[in-house]
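Trainee: Chains as they are written, first to last, in numbering that gives the first Met the number 0: chain A, 0 to 290; chain B, 0 to 256; chain C, 0 to 325.
Keep in mind that the hints were calculated from the coordinates and are not lab data.
A virtual CB, placed ideally from N, CA and C, is assigned to each residue, including glycine.
Covered stretches of chain B, going by a simulated chain C footprint (3 or more residues, C-beta under 8 Å):
hint: 1; stretch: 174-184
hint: 2; stretch: 207-221
hint: 3; stretch: 235-247
Here are the computed distance ranges between Cβ atoms for each label pair:
hint: 4; chain 1: A; residue 1: Leu-145; chain 2: C; residue 2: Asp-57; range: 57 to 67 Å
hint: 5; chain 1: A; residue 1: Arg-174; chain 2: C; residue 2: Glu-112; range: 35 to 45 Å
hint: 6; chain 1: C; residue 1: Asp-65; chain 2: B; residue 2: Gly-18; range: 50 to 60 Å
hint: 7; chain 1: B; residue 1: Phe-15; chain 2: A; residue 2: Tyr-130; range: 29 to 39 Å
Residue-level listing of the chains:
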Amino acid sequence: MTAPMTVPRLGFKKFTGRRRRLSAPAKVAGGFLLLMVLVALVAPVLSPYDPIVGDATQRLLPLLSDGHILGTDGQGRDVLSRLIWGARPSLLAGIIPVIIGGGVGTVLGLVAGLGSARVNSIVMRILDVFYAFPAVMLAIAISAALGPGISNAILALSLVNIPPVARVAETEVLRIKDAAFMETARLSGASWFSIAFRQALPAAGPGILVFCTGLIGLSIVYAAGLGFLGLGLTPPTAEWGLMVNELRQYTFSAPIVALVPAVLILIVSIACNALGDGLRDRMDVRMEARA
Amino acid sequence: MSATPVLAGYDLVKKFGNGHTAVDGVTLEVFSGETVGVVGESGCGKSTTARLMLRLIEPTDGRVTLTGTDITKLPARALRKVRTRAQLVPQNPQTSFNSRLTMRTSLEFHLRANGTARNEWGDRISTVMKQVGLSGAHENSYPHEMSGGQLQRAAIARALVTDPEVIVCDEAVSALDKSVQAQVLNVLHEIQQQTGVAYLFISHDLTVVEHMSDRIAVMRAGKVVEQTTPYDLWNNPQHPYTQTLLASVPGLHRAGG
Amino acid sequence: MTRTALSVKNLRVAFGKRKTQIVRGVSFDIATGSTMVLLGESGSGKSVTAKAIMRLHDSTTSVSGDIHLGALDLLAQKPADLGRIRGSKLAMIPQDPAASLDPLSRIGSQLAETIRRHGLAKKRADVTAISVAQLEAVGITDPTRVLRAFPHQLSGGMQQRILIALAVMSKPGLLIADEPTTALDVTVQAQVLALFKELVSTLDAGLLLVTHDVGVAREIADTVGVMYAGRMVEYGPADQVLNNPSHPYTKALLNSLPEVGMPRGSLVPIAGQPPAAASIPSGCAFAPRCAFATEVCTTEVPPTVTVGPNHTSACVLALENIEVAA
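Using the sequences and the hints given, assemble the complete structure.
Mentor: Okay, structure coming up:
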């Protein structure tokens, strides 16, 4: 317990002389995700085989086969190539809905958090209606209504992301709403927009950002789920969720090959969460109370 | 002393939702260039009064004027235009700045809201930072990189940046070490000498209030029980509560040096 | 006859794996029936000193030196024994009363628990009688109402009195109070300080009071130890240290306080800030901020010099008997 006096602000750096680093697991996760993005970008160059056209004589080759490290699928297409090409739609379907949903959700959170009790009630109760549905169900319903195709899948997932982000944003904004710096900000005569986007948003931002990185992993899984159900992308497009669907029928005849795309989805999802955790820990230092 | 106060509250009343009356008919005037001290213990309503006078919270009853204009019922838009005439230095140095913004960004926020021309920002910021004794390097610092005393001086710089007529210091030195307190009090005094700004100085510390003020209001349970000068407060306290306060200051009757 | 309630010699406290020294060799004595004030600003190590004496620290903190409570060697005690000693021979009154009382129990039960634990009474009626007596002893005029109340229903001053009542219940030989009145209003503070003075005298106990408030030290101290960066830079009778300080830090500290009638702008602050524990400069820790520092101050640790009866100052200038201008 210390007296209510000012300890010279002992940020981590000042106290130990070392700069706070991202934890090792988070760095590994971040590196892995970066690798995935690069893979997606250079897919045409990287992929050893054509992802769409297969060789029927080479069906269901197991792992570590000659020329096909991850085997081939039911139509003789190289699994590794399909995974590489599949990175693009899968990652897009994971990242873009979080950007869109996160953006809209953050704005709603700002409005609800900074607004009067009445405004807060209205916004949050409307969001609660959507929040009441399980996200997967909502995604399926919207996607089915909109029809197939990747842009509809992305739209559906964006909408599904809005309520959770808005909720987190509202909580974060409420946390800083009555802080002393907000009082002085109000005294400056700044407009609502100025206060919301130049003061509240930077303060609440890190918490929201961390939550959103967690959503990326989830979105990839949902997109894969939509693909699995035949919504969103359609065969013969290479997409991880679609691959899980197609290989499902071979679960007993070629179990390992069937699992490969599912495992990749799992790993990417875990990596996103690990990165989010690491970001949160790193940012917490700044927001630490007195030493 | 000009006849019109730069900041004034008349018969201010504030009742909160739970029925508690925090301020019960307070009249305070601050004239140009002077320091009015408000002293009292916790719950006496001094901070609430300051916030009423700044219209950070709405009065249940009473009037507030700022540089002569009645701002009690001023609509939001018009209020925003005149607000920068009165600024605030809050108590807690750690939370009075947005932890994610540099000092410069925080000060620019005020300049932008005030409508100051962008090409004047740089000069204005370095001027006020110098006035409070902070180096230019601090413009790029984040709050967690600065000590409590530096942060309070930065808070004064932020309050000054729009050249206000009056600054409300709400327990501005209470959270600081005593030796750092001296620094900040000196800075406040110097700035008043240089710019003629008025202060509404709120504190629970009688010695500090006596030191800084031209006139002192003693508050208790939402009312001003005595308005007096530092000399009279010390030598001629009228109200029994004032006398109790005085008697409670630790070490006074034992003071030898 | 006064005895020594507490004797501390060369106390050193270090934190963590890197063994960052927070308290760097502190020595003092407290006689029974007297009050010693550890005076210092934040980061001076005063609170850590108090906690170390109470042995209230975790296993990553290393404490060395000599702490004797009467004849009892506190550093040699096993944790199980310490628990018994704390609260019976040695009691602490913390800074934040609200945080130290169980918010979910009535005051009566909390007092009863302590009474039973110390074996002072068993039957309900006896426990209540003792509780009432204890509360009255600390100046609470309506003890029956207070016994039925929950902590949050009582004011800060009342809560602090209850904590004091709990602390003195077993008639300890030493009381340690860490910023006990900092969170209280000044009128309440005056009452609590008066209570301390009374208790020290009736219990013939020693009181170690940690504070940053020089006024509190003036009000209550018999001896004062001024701490800076983990060392005791000046130590002696309150009257001497506070009115005739020897060490430059003490002088600077006293000079920076507003006194009645001082003209504005004339306060003399101490430039700079206290060093962080991990980066204390070699030699005298105060040298970078000292108006009288010489070259030897930055290289050699200052010796503890006797400058008066029972009055020491850790300054090389005292050694050379140079009269340091106020």
